[in-house]
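Colleague: Using the sequences and the accompanying hints, generate a full structural model.
Sequence order for the protein chains is W and E.
Numbering-wise, the UniProt record's numbering puts 320 at position 320 of the first sequence, and it's gapless, one number per residue.
Numbering-wise, the UniProt record's numbering puts 51 at position 51 of the second sequence, and it's gapless, one number per residue.
Derived by calculation from the structure, the hints in this document are not laboratory data.
Positions of the beta carbon are idealized from the N, C-alpha and C atoms, including for glycine.
Not one of these hints is a red herring.
Examples of chain E residues lying across from chain W (beta carbon under 10 Å, computed):
1. L291
2. T344
3. P393
4. R402
5. A403
2 protein chains.
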Amino acid sequence: MSDRTPSRTGHLLVSGCDVLRVPPRGECEILRAQDIVVADGVIEDVRPTGGPFGAGFAADVIDGRGLLAVPGLVNAHTHSPMVLMRGAAEDVTVEGWFNDRVWPMESNLTPADVRIGARLACAEMIRSGVTTFADHYFFPGQIAEAVTETGLRADIAPTYFSSRGTEALEDTVRFAEAWHGGADGRVTVSLGPHAPYTVDDGDLRTLAGHARRLGLRMHIHAAEHLEQTRSSLDRRGITPIRVLHETGVLEAGALIAHGCGIVEDDLPLLAEYAGTTAVACCPKVYLKHALSPLTPVRDLLGAGVTVAVGTDGAAGHNTLDVWEALRLVALTQKQAVRDATWMTVSDTLRLAVRGGARALGLQNEIGALEPGMRADIVLTDLSGTHCRPLHDPRAALVYSARASDVRTVVVDGRILMRDGRLLTVDEPALLAEADARVARILDTSHGRAVQHYDP
Amino acid sequence: MSDRTPSRTGHLLVSGCDVLRVPPRGECEILRAQDIVVADGVIEDVRPTGGPFGAGFAADVIDGRGLLAVPGLVNAHTHSPMVLMRGAAEDVTVEGWFNDRVWPMESNLTPADVRIGARLACAEMIRSGVTTFADHYFFPGQIAEAVTETGLRADIAPTYFSSRGTEALEDTVRFAEAWHGGADGRVTVSLGPHAPYTVDDGDLRTLAGHARRLGLRMHIHAAEHLEQTRSSLDRRGITPIRVLHETGVLEAGALIAHGCGIVEDDLPLLAEYAGTTAVACCPKVYLKHALSPLTPVRDLLGAGVTVAVGTDGAAGHNTLDVWEALRLVALTQKQAVRDATWMTVSDTLRLAVRGGARALGLQNEIGALEPGMRADIVLTDLSGTHCRPLHDPRAALVYSARASDVRTVVVDGRILMRDGRLLTVDEPALLAEADARVARILDTSHGRAVQHYDP
Numbered sequence: 001m002s003d004r005t006p007s008r009t010g011h012l013l014v015s016g017c018d019v020l021r022v023p024p025r026g027e028c029e030i031l032r033a034q035d036i037v038v039a040d041g042v043i044e045d046v047r048p049t050g051g052p053f054g055a056g057f058a059a060d061v062i063d064g065r066g067l068l069a070v071p072g073l074v075n076a077h078t079h080s081p082m083v084l085m086r087g088a089a090e091d092v093t094v095e096g097w098f099n100d101r102v103w104p105m106e107s108n109l110t111p112a113d114v115r116i117g118a119r120l121a122c123a124e125m126i127r128s129g130v131t132t133f134a135d136h137y138f139f140p141g142q143i144a145e146a147v148t149e150t151g152l153r154a155d156i157a158p159t160y161f162s163s164r165g166t167e168a169l170e171d172t173v174r175f176a177e178a179w180h181g182g183a184d185g186r187v188t189v190s191l192g193p194h195a196p197y198t199v200d201d202g203d204l205r206t207l208a209g210h211a212r213r214l215g216l217r218m219h220i221h222a223a224e225h226l227e228q229t230r231s232s233l234d235r236r237g238i239t240p241i242r243v244l245h246e247t248g249v250l251e252a253g254a255l256i257a258h259g260c261g262i263v264e265d266d267l268p269l270l271a272e273y274a275g276t277t278a279v280a281c282c283p284k285v286y287l288k289h290a291l292s293p294l295t296p297v298r299d300l301l302g303a304g305v306t307v308a309v310g311t312d313g314a315a316g317h318n319t320l321d322v323w324e325a326l327r328l329v330a331l332t333q334k335q336a337v338r339d340a341t342w343m344t345v346s347d348t349l350r351l352a353v354r355g356g357a358r359a360l361g362l363q364n365e366i367g368a369l370e371p372g373m374r375a376d377i378v379l380t381d382l383s384g385t386h387c388r389p390l391h392d393p394r395a396a397l398v399y400s401a402r403a404s405d406v407r408t409v410v411v412d413g414r415i416l417m418r419d420g421r422l423l424t425v426d427e428p429a430l431l432a433e434a435d436a437r438v439a440r441i442l443d444t445s446h447g448r449a450v451q452h453y454d455p
Numbered sequence: 001m002s003d004r005t006p007s008r009t010g011h012l013l014v015s016g017c018d019v020l021r022v023p024p025r026g027e028c029e030i031l032r033a034q035d036i037v038v039a040d041g042v043i044e045d046v047r048p049t050g051g052p053f054g055a056g057f058a059a060d061v062i063d064g065r066g067l068l069a070v071p072g073l074v075n076a077h078t079h080s081p082m083v084l085m086r087g088a089a090e091d092v093t094v095e096g097w098f099n100d101r102v103w104p105m106e107s108n109l110t111p112a113d114v115r116i117g118a119r120l121a122c123a124e125m126i127r128s129g130v131t132t133f134a135d136h137y138f139f140p141g142q143i144a145e146a147v148t149e150t151g152l153r154a155d156i157a158p159t160y161f162s163s164r165g166t167e168a169l170e171d172t173v174r175f176a177e178a179w180h181g182g183a184d185g186r187v188t189v190s191l192g193p194h195a196p197y198t199v200d201d202g203d204l205r206t207l208a209g210h211a212r213r214l215g216l217r218m219h220i221h222a223a224e225h226l227e228q229t230r231s232s233l234d235r236r237g238i239t240p241i242r243v244l245h246e247t248g249v250l251e252a253g254a255l256i257a258h259g260c261g262i263v264e265d266d267l268p269l270l271a272e273y274a275g276t277t278a279v280a281c282c283p284k285v286y287l288k289h290a291l292s293p294l295t296p297v298r299d300l301l302g303a304g305v306t307v308a309v310g311t312d313g314a315a316g317h318n319t320l321d322v323w324e325a326l327r328l329v330a331l332t333q334k335q336a337v338r339d340a341t342w343m344t345v346s347d348t349l350r351l352a353v354r355g356g357a358r359a360l361g362l363q364n365e366i367g368a369l370e371p372g373m374r375a376d377i378v379l380t381d382l383s384g385t386h387c388r389p390l391h392d393p394r395a396a397l398v399y400s401a402r403a404s405d406v407r408t409v410v411v412d413g414r415i416l417m418r419d420g421r422l423l424t425v426d427e428p429a430l431l432a433e434a435d436a437r438v439a440r441i442l443d444t445s446h447g448r449a450v451q452h453y454d455p
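Modeller: So this is what it looks like as structure tokens:
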């Protein structure tokens, strides 16, 4: 796999850890006492610990004994800089959340704010074992710089509203041309029309055309909840998913955020594009916004559509904690279909890693700890009292573990956190910079907003 | 308040912390930079830091600067020793959970197992800031000993099935007589008939009579989900709640676990006993068991009934983490009534502390950090990246914080955990003892069970 030439990352050996094997289907397994051998950012081997190494083998060694290595989690839908507004929009309706709180606050954001917010989000995600995220936000170049510096992997979609005009649309395309494949391949770009209710069909078509031309995917909010679907049917006679079809968005390959309003009629349409369509499910925000029904995960999987796990932005989700999100996917999906035997521990873990990888078009690079995959490795410590006795580490990951059980995080073969210490972020300085921005960001007395919510 | 005589606990000063004030109604508040003065296990004063102390004042001082003091959380319904079965009954139906997994495993439990399980549970709860729990289990004396040793506060209900016979019933009464008010007042006892579907009306009447005679409350599972209510209506023409009324259980004062099957007709009946009735809501297990509807919290509060937050046993909930449970109460209740503005941050925090206190009949002793209350104090550290910027510490407690953000825990004026170190539990020895019991507890090849589930 590796050409063994010296490289930025060189060799890394995670020795003696247990490994979570997440197969494409069926039960996940725990491989006991393994060595994970990494060369040039790629997993070269996963094998029982203690095996021989060739002459001259030299590696940075992480002692993984007592730890469980899991594939890095994928946060399949977020707005990372919104950590700046965490906890500042509570106990409000969806309309109030957008029109009275978040969109007015967002009108205060400067590129420098986004720069700090994205770095803070990266720090939080590294700490919680998220190695890849699908972002959707303004000032995407700032986010790309944050990803470059912190060492994470991200797909970044520059948020576009038709109200911003043609030049803004062209800016998003220019960003894609500049950054797709950037940061040694850790940054990919999707085109990011906000939603069918904020982007007109012409712009959707134009962006879908650019996506096909450039070989990019699309990342878009659609059918976020049933009321939006009903509103679309009332206003124009078709569902938001059909809008995505008619404007070429599905053909380009789409990551759809939320999809709680996907209805039965949409399923055959989505099935046509199943190989390149994914839906990101972010249940905490659906519950918090009192939405029902939730993402129809069983129907989507039945139609062959990829489902992945996301947190949405922290102004709604309050954290970027994918452990929390995947647990809520399991819990809420069992309840939604009234079947406790469904959305099993293994299936939930698979959504969070393989599902997330596929949702970003990265299924051949990440989502499993197997030879040939990029080395995105999270070492978790399940020895805490809240996980003991540890009858089943897989169940512990889904139902007992916390983000704070993550000890060491490797992305692309590079150690970003070691034994709880961040290596690519000056956390105290960053937190101080974030705090200094708070008062200005929260001030909505100006009456401006980035957009008005009226789907 | 305090007589200042020397005592086991003496004076304790928590200096310079912020304090969460949880009023009986209205918004919670953050009091900045306070001293909490504790004497003989009681909060003597909460006042701005730096005030004068009388001559000769000497105290153990906890530096609370940078930390937020919250009232100790109350876990209003659990089966603490079931931590031994954590993660050993996943992805099964309710019937399968009881009949194939948990009740067969429970038939393996010895008093020594329960002793270890209860201690492990206490360790987990101390670590997560739970200072009081309402327990319901077999071998209650072992649990009482664990509470005594670890320093927690608990109301313990000895689980009783009619299938166990008269002598077992009398044992539970003898336990109550021996332990109510024990451990320097930290142990109270409730009588614990398991449920109306496992305890016959005669036994319910007998136990309710004992409860009235001894001044005890009752702790019982009832109307756990709607199917149980329907089954009760089919089999005997009345709801489980009406059974509690007719057998004198409500008159004695009842803590009802779950109550997801409480129907509209039950509300006037519950309202009659509102002053002494409480329902413990444990949403994680309802979701995991694919139940719907959930505890009708809005209706219950509307009827004047106390609602509290619980985890149920860890064989279903996987943790004894009341932070997780209270967050899920907020999220699921918003969704259940389709109102995002309801079950606010302040109301949720109130349920978890004042609601819990009242559910155990301890509303005059715990549930708030106010002069005259027992000193059950939890110091939380909200400085972590996942809570920043900290726009609103109350929102952070409900939606961002984790059990691992708890730093120091005081119960009855005694420090049980200091800066993350448990002072009353030898955790490594305890974990090793628990691990040694696992294989035997999980073996269900014998075909025995403590009971058969057929409500």
